[in-house]
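Asker: Using the hints provided, position chain B relative to the given structure of chain A.
Here the protein sequences come in this chain order: A and B. Counting in the numbering used here, the first sequence runs from 1 upward without gaps. Counting in the numbering used here, the second sequence runs from 1 upward without gaps.
Honestly, the hints are just simulated from the structure, not real lab data. If you're wondering where the values come from, they're calculated on a predicted model, not measured in any experiment. We put the beta carbon where it would ideally sit given N, CA and C, even for glycine. Be aware that one or more of the hints could be misleading.
What the hints assert, rightly or not - Residues on chain B that point at chain A, a partial pick, calculated with CB under 7 Å: (1) PHE110; (2) ARG177; (3) ALA200.
Next come the chains, spelled out residue by residue.
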Amino acid sequence: MTTRRHLSDALLVVLARRPEREPRGREAGHLEACGRCRSLLSGFRALRASVNDPAPAPARSALAAVLALGESRPSDRRDAPRVPVARLVYDTGPAQMAQGLRAGTETREQLWRIPGADVDVRIQPKGLGSPGVMHGQLFPLARGATALADGGVWLFQRGRRAVWAPLGDDGEFELPAPSAQRWTLWLEWRGVRVRLDVR
Amino acid sequence: MMATLWPVAPPALDVLLCLNPPASTVRRGPVLQRIRGMGRSHALEKAPTRMARIRESHTWTDEEVLRACREGQARAWREIVHRYTRLVHGIARAMGLQSDDADEVFQLTFTTLFRSLARLRQPDRIEAWLVTASRRATLRLLRERRRHLRLAERHAASAPEASAPPADERIETVRERERAARALRSLAEPCRTLLTALFADHRIPYRELASRLGLAVGSLGAQRARCLQRLRRRLVIEMASERDGRVGAPAGARRGS
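Bound conformation, chain A alone:
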């Protein structure tokens, strides 16, 4: 290796991963002379630090408030015909009713299918000590799918204000439990908008 030739990526990774491994001879000479390799080594070291000790993220509520700034509320009536309806694969509601259970006191679970993903929804109705909450999560069907956080969910209920929540890093979202009999979720994920319609 001459001092003119750049250090290989593999060597830079080794130097970044093992701080105790000092650059030797020509490596040290090259690093001293080459700004590019110095910067790359510094970048790799920063990456190692970032991977092993990631910066703390803000609270979920703070992030949701900031993300909500860019959201414009869609018109449920005007846009509905243009937004496709998701397929309901499974719903524990009817099953509970068939068993004679009071649906209002039970956690209800649903599984929906949208283009490229499944959506699990779990509704914990309002009850003693609980304001009622809906948890959901998006599971991409493709292996290694990324950008799960690229989206959000609107909850529409007749006579109530629409509520929005962002998708989290794992595709999860949290909304207040719907109190009306009819409600609709508008899910937007990676540019695709789908309705989850419950009547």
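Answerer: Frame of chain A; chain B shown alone:
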């Protein structure tokens, strides 16, 4: 209660393909088992909005994403927020704020940015703008805290000093880490996972990694070398933008914060 079932427009081919995934098993708990034949297949198509035509976010430059934001694209705003969340929050923490206060600075900084979108004169310097804005917001909060502590006649020494060194070194470290993390995040899979595993102190066995990524164990080395090349290119771009960012001061940040 049941899902509404009505036909909509004919589906696009790629969407139909998505509708026929392999039958899988239980996802979470025993309740959510897939049941064949329940519900009806619906025509699902990509929303005919301009959002569908937006390129994948990792290819956006700051300038492009800011332009899309000005056009009111929610997806672009999400991209900006996700891209710089840890930077802004990290700066507030590096300057000595606790988690709650750092959240406040985070919200304030991005709210200011949102309001200033139309006025930003140098859209490619958004990182520098955010660094300045978050530093100022943090200093302001530190000053307020100090005032409150004085009012309460607490011991001044326990309060963080607004006039203390602005932790430039720590801020620079945060910036550098975030720049590197951003370069990694901008890569698609499997590069992102492969390189994360490469730089992690905790080693993941090759076999496990290969199975997670759906790759052959023997192909991991070559794939990783290609990914490193891509990362290097991204890092060089980030370093270049850093040099450019140092040239001009973010005027909007000064005004806005």
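Asker: All hints, please: hold or fail.
Answerer: Hints, verified against the model:
With 7 Å as the threshold, the beta carbon of PHE110(B) comes within range of chain A, its nearest partner Cβ sitting at about 4 Å, so the hint holds. Residue-level restraint check for ARG177(B) holds (minimum Cβ-Cβ distance to chain A is 4 Å; threshold 7 Å). Here the hint on ALA200(B) is kept, as its CB sits about 5 Å from the closest CB of chain A, short of 7 Å.
Every hint from the earlier list agrees with this structure, and none is contradicted.
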